[in-house]
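Number of protein chains: 2
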Amino acid sequence: MVKYPNGLEANFPVKKEQATKRLSFSDRGMTLEEQINESNEYYLEKQIAVVHKKPTPVQIVKVDYPKRSKAVIREAYFRQASTTDYNGVYRGYYLDFEAKETRNKRSFPLKNFHEHQIVHLENCLKQQGICFTLIKFTTFDRYFVYPASQLITYYRNPKLKSIPLTEIENSGIEISCGYRPTLPYLDAVDSLIKDRKK
Amino acid sequence: MVKYPNGLEANFPVKKEQATKRLSFSDRGMTLEEQINESNEYYLEKQIAVVHKKPTPVQIVKVDYPKRSKAVIREAYFRQASTTDYNGVYRGYYLDFEAKETRNKRSFPLKNFHEHQIVHLENCLKQQGICFTLIKFTTFDRYFVYPASQLITYYRNPKLKSIPLTEIENSGIEISCGYRPTLPYLDAVDSLIKDRKK
Numbered sequence: 001m002v003k004y005p006n007g008l009e010a011n012f013p014v015k016k017e018q019a020t021k022r023l024s025f026s027d028r029g030m031t032l033e034e035q036i037n038e039s040n041e042y043y044l045e046k047q048i049a050v051v052h053k054k055p056t057p058v059q060i061v062k063v064d065y066p067k068r069s070k071a072v073i074r075e076a077y078f079r080q081a082s083t084t085d086y087n088g089v090y091r092g093y094y095l096d097f098e099a100k101e102t103r104n105k106r107s108f109p110l111k112n113f114h115e116h117q118i119v120h121l122e123n124c125l126k127q128q129g130i131c132f133t134l135i136k137f138t139t140f141d142r143y144f145v146y147p148a149s150q151l152i153t154y155y156r157n158p159k160l161k162s163i164p165l166t167e168i169e170n171s172g173i174e175i176s177c178g179y180r181p182t183l184p185y186l187d188a189v190d191s192l193i194k195d196r197k198k
Numbered sequence: 001m002v003k004y005p006n007g008l009e010a011n012f013p014v015k016k017e018q019a020t021k022r023l024s025f026s027d028r029g030m031t032l033e034e035q036i037n038e039s040n041e042y043y044l045e046k047q048i049a050v051v052h053k054k055p056t057p058v059q060i061v062k063v064d065y066p067k068r069s070k071a072v073i074r075e076a077y078f079r080q081a082s083t084t085d086y087n088g089v090y091r092g093y094y095l096d097f098e099a100k101e102t103r104n105k106r107s108f109p110l111k112n113f114h115e116h117q118i119v120h121l122e123n124c125l126k127q128q129g130i131c132f133t134l135i136k137f138t139t140f141d142r143y144f145v146y147p148a149s150q151l152i153t154y155y156r157n158p159k160l161k162s163i164p165l166t167e168i169e170n171s172g173i174e175i176s177c178g179y180r181p182t183l184p185y186l187d188a189v190d191s192l193i194k195d196r197k198k
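Same order as they appear, the protein sequences are chains E and H.
FYI, the numbering used here numbers position 121 of the first sequence as 121, with every residue one higher than the one before it.
FYI, the numbering used here numbers position 93 of the second sequence as 93, with every residue one higher than the one before it.
Since the hints were derived computationally from the structure, they do not count as laboratory data.
No false leads were mixed into what you were given.
Identical chains blur together in the list; that is why a pair holds if it fits in one copy or across any two.
List of simulated lysine-lysine pairs, DSBU-like, C-alpha gap at most 35 angstroms:
#1 Lys100 with Lys67
#2 Lys70 with Lys159
#3 Lys111 with Lys197
#4 Lys105 with Lys70
#5 Lys194 with Lys54
#6 Lys100 with Lys194
#7 Lys46 with Lys198
#8 Lys100 with Lys159
#9 Lys161 with Lys70
#10 Lys62 with Lys100
#11 Lys105 with Lys194
#12 Lys46 with Lys159
#13 Lys111 with Lys70
#14 Lys54 with Lys126
#15 Lys126 with Lys53
#16 Lys111 with Lys67
This is chain E alone, in the form it adopts within the complex:
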């Protein structure tokens, strides 16, 4: 695409899907993780919330300390995380969530979750944390905040392999992609907090 100095783009024909995507801001080619990180940066900057992604846990075995340059890790292994990926604080509330995406169109497969993530969410719920999962249906570019309590009920039912989209539409809260923040998921969190107070 040609960009002119005044910032306008050359008016080439655009496929319908692209055009729609641009209008709704959409994911702009970002991964779900990038979208969440960008939103968290916005929330932090505006002093709305403090939420960070936890670093990938790594077991470090060998480190070189070359002269006049920084330490290099030469042997390390990925470790299993014992928590979810994101946590933080918002208006006095502890937030804890995991982000997942699926290409499925009608349901969200439960095999996307690991036992330790579910156990961690159960533990945080017992401590009155606001716990949820942020689910993206990539095919439709749809995003949902889905309460951890519901997720756990489905996960703990050995007969179920997935959560139907209709159930996620009913019990979850859909998020519309925005510009800033990219994914205004705290609007949905406000609803979770309200529901809890009832």
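Got chain E; can you put chain H on it based on the hints?
Here is chain H on its own, set in the frame of chain E:
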């Protein structure tokens, strides 16, 4: 030291310091990090709180995927953390803290803290988190929960290089080493929560 099959140790003369340490449970040769991790495991197991140490942030550059064995990280670098080391949830409260030790006898040097840790604590306080630092004076084997608000006041005063022990004794809450948990720091957190409600 010789260990006999019945679990008793040979009765060699023990230095006075060692004997005293054993009586007070003390650190049993553990690092401060190990003491906190062990306490957090206890709190988790007893469903008292969910607090985890964040993994060391690492920038991964090169990963090998050998056949029939797990992925090996062959080149990676330590990154600067943007938060403190510990956070979690306790009775609905968001907890956030950093643990530090000093060999000093009369004061705690402020150079032990990095700007980003202070900024992070400031941000979390604004979101009504319970924020503090867990300070160990290694020489005396004394442990304190010291409120982040006080720490920030000292850190932000360019004339001050350290926090006097007397101030930490006054504004902080001393923790006695225990058996389980090793460092019952949540007792001190209860006081912080009470103070905030006043």
